[in-house]
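First to last, the sequence lines map onto chains A and B.
Last residue of the first sequence? That's 425 in the numbering used here, and every number before it is there in order.
Last residue of the second sequence? That's 425 in the numbering used here, and every number before it is there in order.
By construction, these hints were calculated from the structure, which means they are not laboratory data.
Please note: incorrect hints may appear among the correct ones.
Label-pair restraints from in silico Cβ distances [to be verified]:
no. : chain 1 : residue 1 : chain 2 : residue 2 : range
1   : B       : G236      : A       : G98       : 36 to 42 Å
2   : A       : T206      : B       : P185      : 51 to 57 Å
3   : B       : A124      : A       : A421      : 52 to 58 Å
4   : B       : D181      : A       : R120      : 46 to 52 Å
5   : B       : S134      : A       : E100      : 36 to 42 Å
6   : B       : A352      : A       : T206      : 53 to 59 Å
7   : B       : S334      : A       : T116      : 49 to 55 Å
8   : A       : P106      : B       : D181      : 28 to 34 Å
Covered by chain A, according to a simulated footprint, are these stretches of chain B (three or more residues, beta-carbon under 8 Å) [said to hold, decoys possible]:
no. : region
9   : 34-40
10  : 169-181
11  : 214-223
12  : 306-317
Quick look at which bits of chain B chain A covers, simulated, 3 or more residues with Cβ under 8 Å [said to hold, decoys possible]:
no. : region
13  : 48-57
14  : 109-117
15  : 203-210
16  : 291-297
Since the model is a prediction, treat every value here as computed from it, not as a measurement.
Each residue gets a CB set at the ideal place from its N, CA and C atoms; glycine is no exception.
If you want the building blocks of each chain, they are given just below.
Protein chains: 2
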Amino acid sequence: MTKIEAIAVGNELLSGDLADAHVQRFGAFLRERGLGLSRSQTVPDDLDAIGDAISQAARRADVVLVTGGLGSTSDDLTVDAVVALLGVERVEDGPSVEHIRRRSTALSRTPTAAQLEQAWIPSGSEALFNRAGSAPGIQLTYHEATVFLFPGVPVELEALMADHLAPWVDQALPIRPLQSAVFKTFGDTESGIATRLEGVDWEAAHVAYRATFPEVHITLYVQDGNPDEAKERLDRLSTRVRERLAGVLFGEGAAASFPAAIGGACAASGLTLAVAESCTGGLLAQSLTAVSGASAWFLEGVVTYSDEAKTSLLDVPAELIRSHGAVSEAVACAMANAIRARSGADIGVGITGIAGPTGGTPDKPVGTVHVAVAGENGVTHRRLQLPFDRLRNRHASAWKALQMIGRMCAVTNT
Amino acid sequence: MTKIEAIAVGNELLSGDLADAHVQRFGAFLRERGLGLSRSQTVPDDLDAIGDAISQAARRADVVLVTGGLGSTSDDLTVDAVVALLGVERVEDGPSVEHIRRRSTALSRTPTAAQLEQAWIPSGSEALFNRAGSAPGIQLTYHEATVFLFPGVPVELEALMADHLAPWVDQALPIRPLQSAVFKTFGDTESGIATRLEGVDWEAAHVAYRATFPEVHITLYVQDGNPDEAKERLDRLSTRVRERLAGVLFGEGAAASFPAAIGGACAASGLTLAVAESCTGGLLAQSLTAVSGASAWFLEGVVTYSDEAKTSLLDVPAELIRSHGAVSEAVACAMANAIRARSGADIGVGITGIAGPTGGTPDKPVGTVHVAVAGENGVTHRRLQLPFDRLRNRHASAWKALQMIGRMCAVTNT
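Bound-form chain A, shown alone (with noise of 0.2 Å):
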């Protein structure tokens, strides 16, 4: 079995400033590969801790991952304590400092020579091209262990692990194929979804969930020797979790989002889209224009925060705001129905709500939400009380829009 360990370098994981990621972000990519770290450390930024954690790493293990400590400021100390380390200089990486510097030119810029040091590797080390950051990944030999240097950023290190870790696991190492699925919810809690799936005949499979407000993501992890049967085993579960998740499931795959998955609802129906918000603030047009290629079913959202806004943008009668409040399912209503009247979309949507903390009355207390969605067959209406702070109320408002779209588009398409 190949030993692997990770080393996290950095005070701000030690001082309780910010949580590690990474050794988990490490320990996923190892599993779907059938592999696994046997340890991890994490270190401050200091050149003989770093060392000594990497020394003792590379003596245990066949393959050491290092994150953290390749920027270009002084607490940045991993390449200085690997050269110690290994007792070479470091040396120019040419096509390095060609992509630092042609960073700085896309920025208008000219790179410090902070940034230029950057490029700067331990002798017979391989740069690894970071096409998200300017720090180049490195890769190295020390004590017959392959040691990989990765910036501690994690869309920088995302992308050298893409680009660079995962060829050379795939081909250096004897890898097992781990096959896994994933199943993403909306509308349930996690122990909801857990007594949905309650009594599934497993197969010896790995049930993992995880809760990724306000949604719920479900893996399952076949291993087998022979990688047909696997594939044939995660198949014959996957149908079971299709079947018991109906209602909630909205997609598969560690890529799917749900506003994804509700814009390709859309556009599989010939269907485009509009959005009233108030207090969701522009949450819900963010979310599904997040989503590329988005132009061709979204058409246009207003956010109207004020009374005002809601009479001037949407013509809501100042009189409904009036009699019902602007919290009310009449003016959510009126807001769905308005914005689909005004942009010409097939389905409108109106969002009106007391997101919190303040704003809440003994009537209406805080996480009163209306959520309205207009189609040509008619206006449908939810009135939500939801329990959390005022960004995971707003988040939740807009997940339930997303499903109530989803609705819409399945009964029109049907």
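Mind docking chain B on chain A? Use the hints.
Leaving out everything else, chain B in the frame of chain A:
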């Protein structure tokens, strides 16, 4: 300086199932007392690995904090690892047996043999009463280090830290409260900020940088036996940092947020805001309205994703869009002027651009964004050429707009 190390035990921490939160919990607990973790290790549920990690840590550190592996299932091996390391027996702790029996009785159950085994602690060690669970914490001495064994269940760990670790640390260790100050910036890279701060006399303070796209945060830590002296030093250093970071510093303190700072600037100047977004798709509106109390200064937003919406919601002439293109200075300025006029807000913002990954042309490549801010004295415009992916291009564009709004508030204010 007291050296303190942490060890987290559990397969689930290495498999990608769970991110470790204990190290951060210990770090925050210690920082309040002017102490810190010098290192941390994560090991699987394996006798040798647990024993090896404790042995190493106890040789390096004065205090070792271990979590996990104290439960009643077969993969809970921490106590077994410790008795093997110490070469002692496990002995029954009377009060712990009583506690386990009482908890079971309260649930109308009889304790299982495995549960009762939790009361068997290493000979010569001390059981720490656990009010939140059945497994006692354990305190012992190994290699002159004080070693604490805690359960991994967060609520039990927290109870034991409060009831036993806190009083012990406060009494046994020379705590020196640490004072810190956080500075948050937008508008320069991490290395640009480092360049701005070059040559500052830090008077032995520790300076930590953190890039939180698209922001860069800096934290100063000052420690001194005399708290008044520490505060004075921190004030002196803070003044120097403020001078160097003028123009990019938007807030101080862990809770500061750029949208909240800009909202505060609007409120302080008595100015109201309305925004018209194309490529950012509601991100600017949602970021501003995420601020509690935004209704005092945020009036409305429109997401004019389609050209038709720009014309119908904002009266941007179709002819202007045809001649200049939707992504142009002319259209951004027209959007800013139009949303200002139609909402009656003091400041109007227009953003139009190509977030990517598709939609670029040789003339206007992906990342081309025009931001315009209209006020009573006219319109300010910036053309950006951003090198990031879709989501980060959107984020950076919205943050650039916040910066321009802030500058207009400052001008209006003076």
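Results of checking the hints against the structure:
{"no.": "1", "hint": "B:G236 / A:G98: 36 to 42 Å", "result": "holds, 40 Å"}
{"no.": "2", "hint": "A:T206 / B:P185: 51 to 57 Å", "result": "holds, 52 Å"}
{"no.": "3", "hint": "B:A124 / A:A421: 52 to 58 Å", "result": "holds, 53 Å"}
{"no.": "4", "hint": "B:D181 / A:R120: 46 to 52 Å", "result": "holds, 49 Å"}
{"no.": "5", "hint": "B:S134 / A:E100: 36 to 42 Å", "result": "violated, 54 Å"}
{"no.": "6", "hint": "B:A352 / A:T206: 53 to 59 Å", "result": "holds, 55 Å"}
{"no.": "7", "hint": "B:S334 / A:T116: 49 to 55 Å", "result": "violated, 31 Å"}
{"no.": "8", "hint": "A:P106 / B:D181: 28 to 34 Å", "result": "violated, 54 Å"}
{"no.": "9", "hint": "34-40", "result": "holds (count 7)"}
{"no.": "10", "hint": "169-181", "result": "violated (count 0)"}
{"no.": "11", "hint": "214-223", "result": "holds (count 6)"}
{"no.": "12", "hint": "306-317", "result": "holds (count 10)"}
{"no.": "13", "hint": "48-57", "result": "holds (count 8)"}
{"no.": "14", "hint": "109-117", "result": "violated (count 0)"}
{"no.": "15", "hint": "203-210", "result": "holds (count 3)"}
{"no.": "16", "hint": "291-297", "result": "holds (count 7)"}
Comparing the model with each earlier hint shows violations of hints 5, 7, 8, 10 and 14; every other hint is respected.
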